[in-house]
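Number of protein chains: 4
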Amino acid sequence: MARTPAHDMFDRDTASKALGIELLDAGNGQATVRMTITGDMINGHAMTHGGYVFMVADTAFACACNSKGPVTVAAGGDIAFLRPTRAGDVLTAYAKERVTQGRSGIYDVTVTCDGEVVAEFRGRSRVIDRDGTP
Amino acid sequence: MARTPAHDMFDRDTASKALGIELLDAGNGQATVRMTITGDMINGHAMTHGGYVFMVADTAFACACNSKGPVTVAAGGDIAFLRPTRAGDVLTAYAKERVTQGRSGIYDVTVTCDGEVVAEFRGRSRVIDRDGTP
Amino acid sequence: MARTPAHDMFDRDTASKALGIELLDAGNGQATVRMTITGDMINGHAMTHGGYVFMVADTAFACACNSKGPVTVAAGGDIAFLRPTRAGDVLTAYAKERVTQGRSGIYDVTVTCDGEVVAEFRGRSRVIDRDGTP
Amino acid sequence: MARTPAHDMFDRDTASKALGIELLDAGNGQATVRMTITGDMINGHAMTHGGYVFMVADTAFACACNSKGPVTVAAGGDIAFLRPTRAGDVLTAYAKERVTQGRSGIYDVTVTCDGEVVAEFRGRSRVIDRDGTP
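Chains as they are written, first to last, in our numbering: chain A, 1 to 134; chain B, 1 to 134; chain C, 1 to 134; chain D, 1 to 134.
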């Protein structure tokens, strides 16, 4: 695949790398990432901690919104948890730009496991201010 | 502090423990947790990965909504990122029940660092179905 | 077009009818509605009141999620306002099911005016309890 | 009560006036408004149309975020519908600033009827650009 600014950003993303997140594809306002749930990602209900489901969605979102150019950060987002997952499950997150207007954008991210939707995320992006605040 | 079902749940929360999250207080629909940002939590923009900010908010949310009794899970939530943080920063998340209606609830979580708000999260909870789906 | 439960529901929707909302299409988890902004829909900033932009989106959402069968209500939703509109503008809202899981569903609604996106709405639906609460 | 920029804005708010919304109080990042549900506000499920519940919440939000000074618009918001209401019910919405950061703000709005919470809204505000886009 062609390299994009998202690939450069992902190369510097220590957090995603440390979790074993792989960038499968990025370009043209879209991105796909993958992460395997480990035993260290399980919460007190014996399910994947919601933070890790968000993590994989947010990483796909970041790669999608930086796949075209100017440095863009997450201003926020909403996640709906639809199905629990467990250690050993492989989560795939596919992010796609829905609309941009001025410096703002909206991206939809679907997280799946074995072809079933486990979460839906909608991210709000913002092209970054010079002082680094979203 | 008095033990609550949230304390038992947190004791089994491998994910939060592995990240060094501490449960400072839980009870009566409220909870406070704390986490120190490490070098492994930094994203490609040299800021704390949004997934970790969500993680600390979501953990406080889970402890608050399980502090009173029946097993409750996150159905979803919205996070707004207001200020970037860095490695070495200590994040504190305070969660508080806003309203419950039937099996649904809404909780507000504020994440602060050195007294400044870095994120605001609003979680939607659901008392769990017998089959484990939210 | 084929009649669906959404058409029956819309026929009883006094609120939408009183505002001149037209149901253009409904079926298979999708719906399209249209409303003309009148002088009575303008807020103190001389733009369409956000409540009316939400109204047209929410009506499309209701028609989409009732287009297939069991009585379904809005549990909630998030709207992003992207462009202001004015009196005389014609808003079209297209709603489409994104995913359903158990009694919950997620629908995406795009509101446009002259081919430009003015708002994006994501609705959370719930098949209704016998006691009428969402 | 002391007049604020919110009062001036509300005086020009044709939409809210046409619906009989009353501004009960505004100042210091807070506002309270009230609206009586009429027969023209009922949806196809014989409940208040969600658009009108949003309307009253959004109006309180607008008054709260314009109560202190610079012209501020809604960038978006999330509403959770908790209890249905009917014709004749009187809805009261109380909005309160939660946090501001730069040109962005977050406001919480609770909609009640007879002392019971019927909806919770969280609004995202933005001090307006010179070209009028949020």
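Mixed in with the good hints, there may be bad ones.
Unchecked claim - A short list of chain C residues far from chain D (calculated; beta carbon distances all over 12 Å):
| no. | residue |
| --- | --- |
| 1 | Asp13 |
| 2 | Gly27 |
| 3 | Thr32 |
| 4 | His49 |
| 5 | Val99 |
| 6 | Gln101 |
Said to hold, decoys possible - Here are the computed lysine-lysine pairs in the BS3-like style, where the Cα-Cα straight-line distance is at most 27 Å:
| no. | chain 1 | residue 1 | chain 2 | residue 2 |
| --- | --- | --- | --- | --- |
| 7 | B | Lys96 | B | Lys17 |
| 8 | B | Lys96 | D | Lys96 |
| 9 | B | Lys68 | A | Lys17 |
| 10 | D | Lys68 | C | Lys17 |
| 11 | C | Lys68 | C | Lys17 |
| 12 | C | Lys68 | C | Lys96 |
| 13 | B | Lys68 | B | Lys96 |
| 14 | D | Lys17 | D | Lys96 |
| 15 | B | Lys17 | B | Lys68 |
| 16 | C | Lys96 | A | Lys96 |
| 17 | A | Lys68 | A | Lys96 |
| 18 | D | Lys68 | D | Lys96 |
No lab work stands behind these hints, which were simulated from the structure alone. By construction, the Cβ of each residue, glycine as well, lies at the ideal position given by its N, Cα and C atoms.
task = State the violated hints by number, sorted upward, taking the hints as numbered earlier in the document.
result = Violated: hints 1, 4, 9 and 10.
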